[in-house]
Amino acid sequence: MTPERWRQIKRIFQAAFELPTGGRRAYAQQACAGDADLLAEVESLLDSVGAEEFLSGPAAAYVPEAWADEAWDRNIGRRIGAYRIVRLIGEGGMGAVYLAERAGEFQQQAALKLLRAGMDSRGFVARFRHERQILASLDHPNIARLLEGGATDEGRPYFVMEYVEGEPIDVYAAKHELGIDQRLRLFSQVCAAVQYAHQNLVVHRDIKPGNILVTGPSGHPGTPKLLDFGIAKLLRSGGPRETEGLTQAGGRLMTPEYASPEQVRGEPIGTATDVYSLGAVLYQLLAGKTPHHFPTGSAVEMERAICETDPPPPSQVAGSPAARQLRGDLDTIVLKALQKDPRRRYASAEQIGADIQRHLDGLPIQARPQTLAYRAGRFVRRNRVSVAAAALVAISLAAGMAAAVWQAHIAQAQRLRAEKRFNDVRQLAHTFLFDFHDAIRDLPGATPARHMVVDKALEYLNGLSQEAAGDAALERELVEAYLRVGDVEGGTGVPNLGDKPGALRSYERALAIAGREARRDPRALDWQRYLARAHMSIGDILAPDNRLAAAVPHYREAVRIYQTIAPRIAGDVAAQFEMASAYESLGDSSGNPGLANLGDAQGAISAYEKVQSIEEGITAAHPGNLRSRRAVGVMDWKIGDVEMGLGKLDEGLRRYQSAERALEAGVARDPLNPTTRLFLALATGKVGSALEAAGQTQAALAQYRTASQIQRGLMEADPQNAMSRNSYALSLQTQAGLLAKTGGRAGALALYREALGIFQQLLALDPHSSRRKERCDEVLAAIRDLSRAPATAGPTAP
Amino acid sequence: MDSQPAAPGTVTALLRELSGGNRTVVDELTSLLYQELKRIAAAQLRRERPGHTLQVTALVHEAYLKLVDQRQASWRNRAHFLGVAAQAMRRILLDYAKGRARGKRGGDARKTSLDEALVVSSDRAFELVEIDEALQRLETLDQRQAKVVEMRFFGGLSVEETAEALGVSEPTVKREWAMAKAWLHRETSAA
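Chains as they are written, first to last, in this note's numbering: chain A, 471 to 1268; chain B, 11 to 201.
The set of hints was computed from the structure by calculation and includes no laboratory data.
Computed from a predicted model, the values in this text were never measured in an experiment.
Glycine included, each C-beta is placed from N, C-alpha and C at the ideal position.
Treat the hints with care, as some may be off.
With a Cα cut of at most 30 Å, we get these calculated DSSO-like pairs of lysine-lysine [unchecked claim]:
id, chain 1, residue 1, chain 2, residue 2
1, A, K1243, A, K970
2, A, K810, A, K759
3, B, K184, A, K480
4, A, K1211, A, K1118
5, A, K759, B, K108
6, A, K1211, A, K1243
7, A, K645, A, K759
8, A, K1118, A, K1080
9, B, K108, A, K645
Have a look at the derived ranges for each label pair, beta carbon to beta carbon [said to hold, decoys possible]:
id, chain 1, residue 1, chain 2, residue 2, range
10, B, V169, A, T1034, 48 to 56 Å
11, B, V178, A, G736, 48 to 56 Å
12, B, G177, A, Q499, 30 to 38 Å
13, A, S1083, B, V169, 42 to 50 Å
14, A, R477, B, Q80, 36 to 44 Å
15, B, G177, A, P473, 16 to 24 Å
16, A, R1175, B, V169, 55 to 63 Å
17, A, P473, B, Q80, 38 to 46 Å
Extracted from the complex, chain A is given alone in its bound form:
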């Protein structure tokens, strides 16, 4: 941002800020005088004004313990119990940890944790005596031993543990770049240790990566060690009064990222609590993030997230390629351990370990996907009401209490059976479509198997749809599934089986269900969106097939739906993009000269302009959104294409130039984004082609050269990327073509040779690609022609 710009923003913001809240926006709009970027900046600042609590306290309150370290150092050399303190390892809000040596003995190192004064030290010592037998008896290779504990002379509780030199499990896994299977093996050892402690009646209560250190020389599979077993309980029982001021969570000791709902609510804690925390650690190991986040860190936010929000499956959080490996079993295992209701979790730590082992061995796991169990539970609850209602009616008819209850019992049993069968089938269809299909998709020769998978899934789905009527949640799932089957069969822009008729049938089924539900509940937004998506998918199958008369009405219908729901999706960026893409498809099929079209140039232009206004809306609300900024430029060049097709060279050139400017601005905003730079190169080339068509050869050549330079930069930034090499070679070919026509024979030959070299390398990578073969042949032919043609001195007249 330039200083000039900042001053502008500052002046308008501060003037607006002097006004009452209600008048600020109107003032900003008027003061920005149509400068949309400026207005967006000022408005986003005005939006940020309301946060009262932000920066309200002093900075020191963010790190209240920052001052303590000076004082902690004073304990070095001091003797506590049988140990002498050697050095400070670390300190935190609760106290400090030192490296200590057993006095009088050689190299008997231990970690001594000294808590702040003011803890309930008498209570601690009493509890410690009570529990020390149990804690000290935990003898397991993966558990750090507790050696001693008590209170110092001035009454501060301390305890001494085996000293473990290692790294937290998540850090270790990241540092050694462990694969998913290696992470799972490491983690199962943790499960075994926790199981051992549980059998000895000790619950950890604070399992988290920082408490699981992995030791061992690098290169060897490490050994995890659990620290601080049972300590949290010793400290906690003191009650909130004694720990006041030391924790933020009302005196309960826990780490919110790994704490279970029962911990947060202060309910009784048992082995299920550790199962939950194990689930949270596994989540982090697999997904790279904790299941819950607390941006503001407030107690209310934490409680709500932990007790009410279902975390997304790890596969949705992890980046590819891990996501595919996580989908299915591992998602299921993690989410089962993280169930809100302790009874729904794994019954023991051992069971998590066992399911992980089954997964590693390629055997089916015991846990069932959470959504199904959840749904089944909900179904039963729902039906309990109707069962009860039926019983009431029966009583009022004087049929006798016992009979009514008995009938209700029968009815419920039948429902449960039906529901179970139903869910089994549903799960099967889901497994076939999502897990199974994805797992085999990229295997060579998998096409027949993929067909079979899809056929089976369809069979189940069709069966289910008979029974689904009236269950909106299931209908939604069915529509998703049919859309998905369609994509697998023949979807546009995704790897597919090439079965267009099959895809069309599936999309039409999705359309039928969505249409029925939308009529039943016209106000439900999601049905409208499904309906629009189905129309779009059908249009996308028909349009490239030149069945425009059939495709265009579907696009029109999609556009019409978005028009009706537009006010309700105003703030929803994903829906805005969907709407824009409906208009764009309508524009393409109406009159894009590069595609099969209806020849309706005016229709195309107005559709593209509509896309621009939607994307501009997105950009105004989200100035950082590159995709919408780019789209505005891309629409300019599409409109330019239409104009050029109409022979309006000036108008076409103007549009292309506008596209170039928009994309240049995009690149200036985010110079490293390769997509924006690629689009800029293409737009620059478009300007060149319009200039060439207008006979302005030198200007056209300059454009082509600039485009090539951008492409070269992209290629050099990502040399492995075949696409960018191909694009660069194509840009050379374009430039050479014009140069050859205008007599720049030597220059043209050099460019053709460079392009040929790249095309040949690409052909060697993929020798069966007919398109790459054609490219090589084209350029070779051009080189031959040029070598044969007589040299001319200057540009020849066209």
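Given the coordinates of chain A, assemble chain B onto it according to the supplied hints.
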């Protein structure tokens, strides 16, 4: 650890240099105050009951009384002192917060292993680092506005003291503060 406190004369002399327009002493003064503030804070904490939260404002003022020879100091020296103290405070808090935040991200294994085990972790140290990073960006756009944040937020100075230290009016401080808060809030919540 308990190094000798700096003689009041040193700080006073440096302050007078600064008030006389010699900006080169700022670094020396900052690192001197860095040590002194930590020392005074630790001493204060040792006297207090556990769990006591340190009052930054009180700390800075105690430091002023201790370190500056009152007979030789002018109101102008005091304003400069407060400004430099805020800067030192920012460095102290950030040095600590960065260590904590790095620990949380898993940088220093030893620090995270045992000491974190019993601490109810909070992301506030990390938040502070983010605020500081945003503040550094603000410095490139608007130095005065960034100074206001340093003094008010890090140094715990009042509007009046900030105005005095910067040599501007109180309404100006209030205006700058309001915009800086909005800007920093937007920058730190955009992620």
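Hint numbers not upheld by this structure, sorted from lowest to highest:
none
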